[in-house]
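2 protein chains.
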Amino acid sequence: MERAKIRLSIEHPLGPGQAVPLEPDQAHYLFAVMRLEVGARVALFNGRDGEWTAEVVEAHKKRGILACVEQAAPQLDPPDLWLLFSPIKKERTDFIVEKACELGCARVLPVQSAFTNSARIRQDRLQAHAKEAAEQCLGTFVPPVEDLQPLAKLLEGWDPSRRILWADEALVGPAQTLADLPPGPWAILIGPEGGFSPAERASLRALPFVTPISLGPRILRADTAVCAAITLWQSAIGDWT
Amino acid sequence: MERAKIRLSIEHPLGPGQAVPLEPDQAHYLFAVMRLEVGARVALFNGRDGEWTAEVVEAHKKRGILACVEQAAPQLDPPDLWLLFSPIKKERTDFIVEKACELGCARVLPVQSAFTNSARIRQDRLQAHAKEAAEQCLGTFVPPVEDLQPLAKLLEGWDPSRRILWADEALVGPAQTLADLPPGPWAILIGPEGGFSPAERASLRALPFVTPISLGPRILRADTAVCAAITLWQSAIGDWT
Chain G
1 MERAKIRLSI
11 EHPLGPGQAV
21 PLEPDQAHYL
31 FAVMRLEVGA
41 RVALFNGRDG
51 EWTAEVVEAH
61 KKRGILACVE
71 QAAPQLDPPD
81 LWLLFSPIKK
91 ERTDFIVEKA
101 CELGCARVLP
111 VQSAFTNSAR
121 IRQDRLQAHA
131 KEAAEQCLGT
141 FVPPVEDLQP
151 LAKLLEGWDP
161 SRRILWADEA
171 LVGPAQTLAD
181 LPPGPWAILI
191 GPEGGFSPAE
201 RASLRALPFV
211 TPISLGPRIL
221 RADTAVCAAI
231 TLWQSAIGDW
241 T
Chain E
1 MERAKIRLSI
11 EHPLGPGQAV
21 PLEPDQAHYL
31 FAVMRLEVGA
41 RVALFNGRDG
51 EWTAEVVEAH
61 KKRGILACVE
71 QAAPQLDPPD
81 LWLLFSPIKK
91 ERTDFIVEKA
101 CELGCARVLP
111 VQSAFTNSAR
121 IRQDRLQAHA
131 KEAAEQCLGT
141 FVPPVEDLQP
151 LAKLLEGWDP
161 SRRILWADEA
171 LVGPAQTLAD
181 LPPGPWAILI
191 GPEGGFSPAE
201 RASLRALPFV
211 TPISLGPRIL
221 RADTAVCAAI
231 TLWQSAIGDW
241 T
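As given, the protein sequences belong to chains G and E, one line each in that order.
Our numbering puts the first sequence at residues 1 to 241.
Our numbering puts the second sequence at residues 1 to 241.
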């Protein structure tokens, strides 16, 4: 059976014969926008049960019921990698969340550092963005996107068994070989435009669980650094290997 | 001396004491938009002579002259890496050109393949985008962006001494170790949404200079694949090592 073209990230459990009631906005999207009718097929995933092909059983303006037919793809969870990043301009922040989802991060934590320009983020909008990225890229997992928090406070309560790979823009020169990174839980840390302050850099350097890396001889925008750092980590010790 | 904050990519030669006449749009930007006056400093680069700090000597509405004071950074050319990509939606195509410049490509070639949706591109706009990326990211090199051409025709006349790293989205599974790639001139090839057609994939596989790689177990958008593939190449045999 061909995979359904429309994909929805939902909360409901999925399994053989399982009936799935739709939220009003999902029913609106499927039946008003996409004009699906009873019998049409949709792909569903909930971050736990893989992708399921489901059939429209009831279609109303603001409600509807789908029924699971069969599993179309197994669940694919990302490795235990978090992304810590400083929010930048709106489109580039959206982009960072999208790329973290596509490239395979388990959790996204926006952090506020000395040179961060934003005092707040729209967490709900960023979460919706992560969901959309998973829906569009055949993902079965949507990383939770947390609310903005101060980096210093986050590091104070940090579990040292989770190592931090810090893209230090002051490290000019050859990129470090990442093949030697120990396995286990990790987080990638990317700073805002202008990087980290001297005081922040000194604290980061003093933390035993922080590994600074260079991302080559060019200055990268924060969103580019996110893509490059996740790629290097994934291909060294993540699930790209 | 602190590096000048405003950076301009120009064509004119740069060197000690060199006078640099400005184009009308550059003069407008510096003197009307940014309100620089005689004596102000600007960073200039031309893709050959590194970055030079220059001083405003004459400032008029639509013309002006700068004089080079001293070299602020040496020329940093990218490795001999080309990017071949299929244009997608406008913002994402802009993004691909920007990332190719930031991550270090020497030449950008938009190509038309079976599933490419665009029949034309705005080459001038994409070139301006590459220039802006270099200006903003302290680059000293702007990769030339070519006009759209059919992939099949490009491959017919291809110099086989330039190898092609092809991100083959049908290669699901572990990513290949790139450390074994031979040095020399390379090009990265990224397809459109939906990838390449079965006929295109068969031709690509038959070419002795094409190396297919996987970019991990997730489906990546074309713009994400561009960032990931350049990062892997740069850290394996480019100038990030």
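Any given hint could turn out to be false.
Note that identical chains are pooled: a pair holds if it fits in a single copy or bridges any two copies.
In the DSS-like style, the derived pairs of lysine-lysine whose C-alpha atoms are separated by at most 27 Å in a straight line are [as the list claims (entries may be wrong)]:
hint: 1; residue 1: K61; residue 2: K90
hint: 2; residue 1: K89; residue 2: K131
hint: 3; residue 1: K153; residue 2: K90
hint: 4; residue 1: K89; residue 2: K5
hint: 5; residue 1: K90; residue 2: K62
hint: 6; residue 1: K62; residue 2: K153
hint: 7; residue 1: K131; residue 2: K90
hint: 8; residue 1: K5; residue 2: K62
hint: 9; residue 1: K5; residue 2: K61
hint: 10; residue 1: K153; residue 2: K61
hint: 11; residue 1: K61; residue 2: K89
hint: 12; residue 1: K62; residue 2: K89
hint: 13; residue 1: K131; residue 2: K62
hint: 14; residue 1: K153; residue 2: K5
Please keep in mind that the hints were generated in silico from the structure rather than gathered at the bench.
Hint check:
no., hint, in the structure
1, K61 - K90, "neither (33 Å within a copy, 34 Å between copies)"
2, K89 - K131, "both (20 Å within a copy, 20 Å between copies)"
3, K153 - K90, "within (24 Å within a copy, 40 Å between copies)"
4, K89 - K5, "between (32 Å within a copy, 19 Å between copies)"
5, K90 - K62, "neither (31 Å within a copy, 34 Å between copies)"
6, K62 - K153, "neither (43 Å within a copy, 51 Å between copies)"
7, K131 - K90, "both (17 Å within a copy, 22 Å between copies)"
8, K5 - K62, "within (21 Å within a copy, 54 Å between copies)"
9, K5 - K61, "within (21 Å within a copy, 55 Å between copies)"
10, K153 - K61, "neither (46 Å within a copy, 50 Å between copies)"
11, K61 - K89, "neither (37 Å within a copy, 32 Å between copies)"
12, K62 - K89, "neither (35 Å within a copy, 32 Å between copies)"
13, K131 - K62, "within (21 Å within a copy, 49 Å between copies)"
14, K153 - K5, "neither (43 Å within a copy, 32 Å between copies)"
Checked against the numbered hints given earlier, this structure breaks hints 1, 5, 6, 10, 11, 12 and 14; the rest are met.
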